[in-house]
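Asks: In case you want the letters, here they are:
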Amino acid sequence: MTQVLIIGAGPAGLAAAQSARRAGAEVILLDSSDSLGGQYWRHLPESRPARKEAMLHHGWARFQSLATELVSDPGCEIISRAHVWAIETGERPTVHAVIGESDGRDRKRISFHPTALIIATGAYDRTLPFPGWDLPGVFTAGAAQALAKGERLAVGQRVVVAGAGPFLLPVTQSLAAAGSRVVAVLEANRAIPLMRGWLPKAWQLLPAASKGLELAGYAAGHIRHRIPYLLGRTVIAANGTTAVESVTTARLDRDWVPIPGTEKTIPVDAVCVSHSFTPRLELALAAGCQLTPDRFVQVDRRQETTIPGVFAAGEVTGIGGVDLSLAEGSIAGRYAAGASGTNPTLERKRAVFSGFAARIEAAHGIRGGWPAWLTESTTICRCEEVSYGSLCATSQTTDSSSLRSLKLSTRAGLGICQGRICGRTIEDLLARQTPGGALTDGSVSDRRPIAIPIRMGELASPPEAHSEHPPTPAKTSAVAQRLHEREHHD
Amino acid sequence: MASRLIPFREDPIHPSEPTPVTITFDGQPLSGVAGQSIAGVIMANERLGFRRTSVHDAPRGVFCGIGVCFDCLVVVDGVEDVRACQRRASDGDTVTTQHHHGPEGEGS
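Chain order of the listed sequences is A and B. Everything in the first sequence is counted per our numbering, starting at 70 for the first residue and increasing by one. Everything in the second sequence is counted per our numbering, starting at 575 for the first residue and increasing by one.
Since the hints were derived computationally from the structure, they do not count as laboratory data. All values reported here derive from a predicted model rather than from experimental measurement. Warning: the hint list may mix true and false statements.
As the list claims (entries may be wrong) - Chain A regions said to be covered by chain B (calculated; three or more residues, Cβ under 8 Å): (1) 120-127; (2) 246-254.
To be verified - Every beta carbon over 10 Å from chain B, so not counted as near; a handful from chain A, in silico: (3) T311; (4) Q367; (5) D369; (6) T375; (7) L415; (8) A420; (9) T467; (10) S470.
Claimed, not checked - Pulled a few chain B residues facing chain A out of the computed Cβ check, cut under 8 Å: (11) A618; (12) V629; (13) C638.
Don't be surprised by glycine CBs; every beta carbon is placed ideally from N, CA and C.
Kindly produce the complete structure, drawing on both the sequences and the hints.
Replies: Below is the structure:
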């Protein structure tokens, strides 16, 4: 029987699991957390259900129906707290995981040998460095969102949200709903690029009306909470000694260079900053998948990557929002299960929402002038504590244009986060230092042969093959019971 | 101070009544709610700094909140390098800050 293994239980992974099951395959769904939904549908734990959880989410009913269907389906084995640390590809992919608590000890090692693999690992916030961004109290927008939705914690009482892109809006809404006073939302791009991105052929957006409604909901939230939304301004520094006490903001020109004389200081106890997203590519790269020129996983019409039998769906293939992820997941699931023919409805949906992705990039993409807000002492690599001044000085001394050798000589990107936070930033900054303006060794900071840190003892223990590992029906039915109870609460 | 857990009676989404948990952080007892991450419990108790860095001895706290940045590393029941944002707090967890001197660091 065809066995489809899916990595990631966010919108794309859940849709893929449903559609692979409906196409007749056996499904194994892995996720590193202990609940379903990914970051988008992050919610209070099953042990603490909320009657009106739906208030915090878009498409909550869709999530519940996906989760209920999959959890109660004996043909779909959901393995939570599964941390995939390596993939090998041969005739069939081999997926290596440890099962247990995050960063735990003596977790069980399991290897899977599915017929087909779907990578739905999503994306995380990309925050550009600025002076003080390493102070406690400076968060990515995603952190504020995760803490508000996942445990009902407001990261601050007086908060500025800054960066670029539509994701700033739901984060602001979550903060306001959690009782934080959002002093301002700062979108770095100015009105003209925003209009250039969003307005051309606006009729193309009509089929994506649900997306419009989602954004309109956030806008209404802003009006209700009287939160100013300012264009062409950003946070250029966070100030404080042991934690953030204020932020310095400045107007930006079209290229994101701060305009002198426009600085303002705003007292805050937290600041949430995100400029873009970085796809989680390490598992796709480990599987040998090729990337697109803009560094997402390259897929064909069937969502199949350049490695036969390995599919990808969701934000790992481009940042386009939940509807695109759901459509891509559904398409990937069908073909991974071995279905033939086409599904015009799904493909039309994917086409409509992928138009959104291009518009987001055109309107909100990072512009090249941002390093103007860095100072010599600004931390670039948070783990190894490499400053902007030392990064530039070392790279000029070595006169190298190889990313690999520059990482070794500057130590930037070599810390415990494995370059997840600073990788693309150091590539950008180092390329500017080289005479040709480009790094030449062709290496990318997204490659991580061991995808997550695991402990030596775990690495030393022999893996079990998945078939020797019985499913855990007791746990699954507990989750099913919770979902059932929630449905009847609503 | 900065972070705050929404009291469940005031929460518009009506969560069920929380079960309290207590952990210790550097010897100090901190109370939280079952299902919270260790990071969330520490933050809700007005502690933003989780550790100090090796080179500049600078304070660091939660940054990404989703297990990507590794800035919130703590020691849990003697096990080092645990991302506090990824671990749910269990009653009785003993959590301590971790501080490694880098290769150029001084002292122990």
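Asks: Does each hint fit the structure? Answer for all of them.
Replies: So, going through the hints one by one against the coordinates:
Here's how the region 120-127 of chain A fares: 5 of its residues keep a CB closer than 8 Å to some CB of chain B, so the rule of at least three is met and the hint holds. Residues of the region 246-254 of chain A with a Cβ under 8 Å from some Cβ of chain B number 3, which satisfies the need for three, so the listed coverage holds. The non-interface label for T311(A) is inconsistent with chain B: the shortest C-beta to C-beta separation is roughly 5 Å, within 10 Å. The beta carbon of Q367(A) sits about 23 Å from the closest Cβ of chain B, which is more than 10 Å, so the claim that it is off the interface holds.
The claim that D369(A) is not at the interface with chain B holds, since no C-beta of that chain comes within 10 Å of its own (minimum 29 Å). Every beta carbon of chain B lies more than 10 Å from that of T375(A), the smallest distance being close to 26 Å; the non-interface claim holds. Interface exclusion of L415(A) from chain B stands, the closest Cβ pair being 29 Å apart, more than 10 Å. At roughly 30 Å, the least C-beta separation between A420(A) and chain B is larger than 10 Å, which holds for a residue marked as non-interface.
The claim that T467(A) is not at the interface with chain B holds, since no C-beta of that chain comes within 10 Å of its own (minimum 20 Å). The non-interface label for S470(A) is consistent with chain B: the shortest C-beta to C-beta separation is roughly 27 Å, beyond 10 Å. Using the Cβ-Cβ criterion of 8 Å, the hint placing A618(B) at the interface with chain A is satisfied: the shortest such distance is roughly 6 Å. Because the smallest distance between the Cβ of V629(B) and any Cβ of chain A comes to about 4 Å, under 8 Å, the interface hint for this residue holds.
Residue-level restraint check for C638(B) holds (minimum Cβ-Cβ distance to chain A is 5 Å; threshold 8 Å).
Hint compliance for this structure: hint 3 alone is broken.
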